[in-house]
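Chemist: Chain residues, written in single-letter form:
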Amino acid sequence: METVKIKNNSHSVIVEALTKKFGGFTAVNNISFRVSGGEIFGFLGANGAGKTTAIRMLCGLLMPTSGQATVAGFDVYTEYEKIKMNIGYMSQKFSLYEDLTVRENIEFYGGVYGLSRKEIREKTDYLMDYLKLWDHADDLTKSLPLGWKQRMALSTALLHDPDIIFLDEPTSGVDPVSRRNFWLLIYELAEQGKTIFVTTHFMDEAEYCHRLSIMRDGLIVELDKPGVLKKKYNAENMQDVFMKIVRGGKGQD
Amino acid sequence: MNPIIIENLYKTYGKVTAVNGVNLEVRPSEIFGLIGPDGAGKTTIIRIIVSLLNPDRGQVLFKGTPIAGNMSFVRTQVGYMPQRFSLYQDLTVEENLDFFGDLFNVPKNIQVNRKNNLYEFSRLGPFKSRRAGALSGGMKQKLALSCMLMHEPDVIVLDEPTFGVDPVSRSEFWEILKSLAKKGASILVTTAYMDEAALCDRVAFIFNGRILGMDSPDKLVSQIRDSIYLVNSDAPHLLFDRVSKSGKFKGCELFGDGVHLTDSDEAGIETIKDILNTMAVSYHKIKKIDPGLEDVFLKLMNENSL
Amino acid sequence: MNLILLSIIKKEFHHILRDPQTLTIIIFMPVMMLFLFGYAITLEMKQIETAIIDEAKSNESRAFIEQLMATDFFRITSADVKSNQIETIFKERKARCALIIPYDFSSALQRNKKVKIQLLVDASDPNAANFINNYVNQLNLKFNLKNNADVFIPFSFEPVMLYNPDLKSYYFFVPGLIAVILLLISALLTSIAIVREKERGTMEQILVSPVSPIQIIIGKTLPYTALGFLDSIIILLFGCLWFGVPLNGPVLLLGFSLILYIITGLSFGLLVSTISKTQQVAMLAALLATILPTIMLSGFIFPVASMPLIFQYLSLIVPATHFLEIIRGIMLKGIGLKELYIQLGYLFILTAFLIALSIKKFSRNLEG
Ligand SMILES: Nc1ncnc2c1ncn2[C@@H]1O[C@H](COP(=O)(O)OP(=O)(O)OP(=O)(O)O)[C@@H](O)[C@H]1O
Ligand SMILES: [Mg+2]
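Chains as they are written, first to last, in the working numbering: chain A, 419 to 671; chain B, 9 to 314; chain C, 225 to 592.
Misleading hints may appear alongside valid ones.
Unchecked claim - The following label-pair restraints were derived from C-beta to C-beta distances:
1) A/F440 to B/N125: 23 to 31 Å
2) A/D553 to C/L471: 23 to 31 Å
3) A/E497 to B/K186: 28 to 36 Å
4) C/G425 to B/N125: 27 to 35 Å
5) A/S484 to B/D98: 27 to 35 Å
6) B/E183 to C/R588: 50 to 58 Å
7) A/D642 to B/G29: 13 to 21 Å
8) C/K501 to A/Y544: 45 to 53 Å
9) B/S272 to A/A653: 27 to 35 Å
10) C/G425 to A/A653: 32 to 40 Å
11) A/H628 to B/R218: 34 to 42 Å
12) C/G425 to B/R218: 40 to 48 Å
If you're looking for bench data, these hints aren't it; they were derived computationally from the structure.
The structure displayed is predicted, hence computed values, not measured ones.
For every residue, glycine included, the Cβ atom is placed at its ideal position computed from N, Cα and C.
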């Protein structure tokens, strides 16, 4: 199967004082962290906390206002073209073509990433098996329920076997069974040494992450292992931790 | 009289049967949840109820009136939020709310109060004058919900209302739903969150266009006769992997930082510990728990998708 | 590189074929437009309402009148009117011109004397008036040649008529219309191609992939070129078969010029699409920016040579100016590459410039 990539090599994502302003509004405020290969890094926070904005900066979709960041060793300001070859990205809003079938979408992105026909077929088979997409391979995407769209978006993000994978709310609208399949796949990828960046509003999924960053109003207010955070906040589970952090800080302003 | 009665409903798209003989009713001032896997037919049922789709067979009675041929009656009486509701991206948060308030003919002074209440749950108050197009995904969803809630219709139909909404706002949103139901509104809602399903008065589990179970959450949960154990671990997926491959337990599912084991043989906690030890998996806690709706969901899916 | 481009092209074809409504519009709109504009612009020049004042009432005058009626050009609405009624007839718009055949028409013809037939034209529509005048001159000439061969020919013709011996205005307008319509359609085709992906959010996924702006622009141009070419074949056939416009010059060169011209339109559409924020803006911009200059500045109606100097310069950057010369040249005059390479060169430069600008303006991220 896959050759196992170097595990725990040096940091694959390094962020220093990264900031993004939209006009006068600071969406991401001076955040710093490092993520290493094989790590599942959970990106939590209330709506509007700045998760998507931060991820978009790391994927070269938005220019940071200030601060530094490298992804796979490449600078986000200048080397975004190189970053693109090394990352997979699943955006929060479904961004594949609704008027193409599942297979056509996957083949299109296979082609875009320069995969050969044979590679595309193999990868498609593997991912469609895993995510149980076969029944709908030749259905137009627009006719699919949300959960299936998410599965296919995940498969396209993984097609070219990227080392760093950004998943922005991959499991929103996905049923409990499929969510578990998503996560088994995510674990498998991490075991291959890939770096997984994932946002979610399911707090049981937060527990699956190796480390969590919790954002509030553009700032990272907590960054640690789920177990440590639960202890620190004297909480039963991550749901409680999250409630305490988000309710606590925001209150009324 | 029950505000929504669905009788023997069928709907096919080409070869696919999306709704396959569904009967259900939503009672006055209850919150009724539709749950089921992706593609089970929930959205189709909802679209038929709000007269956006015609059923192949069967009928829906909306406040006693058949919806067939009474489209405008249904549309004026129902508060409906589709799965992906688009706001006016170029209007601000407040302008969107005002627009929907006016659209539903809500008196101005009531509008002001409602807006303030809605800002509380959505936390959109500080962003009143931001254009909807510049909101984050979850903020858009919350604004859409708020727009729908600008009026208080007595029948409300919501398709995945909390899609992408953070846990804090979700719980506050459900407070609002509860209070609307208390005031007499009947609410039909779909959700992928089992903790939300547990807040419903009754829940129907839909699979392949059929209802596999319909009852109050407690009753549904009591279907699970086997004991369920929660085993916590630092590497829950490894634990899951080992245990499910061993085939020693009838059920094993990932749940957050642990797994739920189904002990169908009533072996008891000590035996389970022994079995786990022979598998050389590490865990740091094991305890018997009351099952929840998510366990029911997973069980039903396992039983039916073979 | 090639594989990426191929994937994009394939995908664009899927989009095109999956949307039969748009496809139908794309294929039938040009024909409809040609038909409508073709008649709207030329209708004036047919079935001209005519009053006849036949003072001669002889065999010859009747023969003359019959010859007039045999053409499609005149429609005699008031025969045998008195000369003092003419003004009322014009005022009531019962006729746009009147022919007065003098009482000595026959005798003068027989005596080989020059016959004066008076033509009164309602010149409130000067273009039409001018046209009628020319046409009657021509008819008169024919009549003279037949009946009075030795007579001195006192008429001259507008140069443009030289290539249009039957004086059919279609010859002149149809190629021009083809130029207008093709540019409009091709610009519209691509005007939403990129902004639509931005609005729908599909651009976000493209932008994180290694696709380069060049590949996107080229990949979106090529499939639409095929579509535009299909369009141009249909519209050309329609022009030739329905309106009877001849095709005197090299077909291959015409095909090549059409493709080049379509690409010009497509690349203009793409440029609009890369800089527009919404689909509506893009479509409106493409519509206005192609149709106005093409009609006003290209020589479609008003000859470029008779425009003020700065408009003459401006017309150089209007693609239709060059294409009009090409298509009229090939179809009507039957000229070829030797005479037209400068125009082709202009078109080529314009296209290259538009494509380069689209690539440059193409935003590589979600900013702006
Ligand atoms: N283009 C923009 N212009 C102005 N403000 C923006 C823009 N994009 C995002 N924002 C603002 O930046 C903040 C952070 O948005 P972001 O999408 O990063 O949130 P998020 O954490 O991903 O939230 P969610 O959980 O809802 O997805 C929000 O307040 C949002 O309104
Ligand atoms: Mg987000």
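Chemist: Now look at each hint and say whether the structure bears it out.
Modeler: Consistency of the hints with the structure:
no.	hint	verdict
1	A/F440 to B/N125: 23 to 31 Å	28 Å, holds
2	A/D553 to C/L471: 23 to 31 Å	54 Å, violated
3	A/E497 to B/K186: 28 to 36 Å	52 Å, violated
4	C/G425 to B/N125: 27 to 35 Å	31 Å, holds
5	A/S484 to B/D98: 27 to 35 Å	29 Å, holds
6	B/E183 to C/R588: 50 to 58 Å	44 Å, violated
7	A/D642 to B/G29: 13 to 21 Å	51 Å, violated
8	C/K501 to A/Y544: 45 to 53 Å	40 Å, violated
9	B/S272 to A/A653: 27 to 35 Å	32 Å, holds
10	C/G425 to A/A653: 32 to 40 Å	36 Å, holds
11	A/H628 to B/R218: 34 to 42 Å	40 Å, holds
12	C/G425 to B/R218: 40 to 48 Å	34 Å, violated
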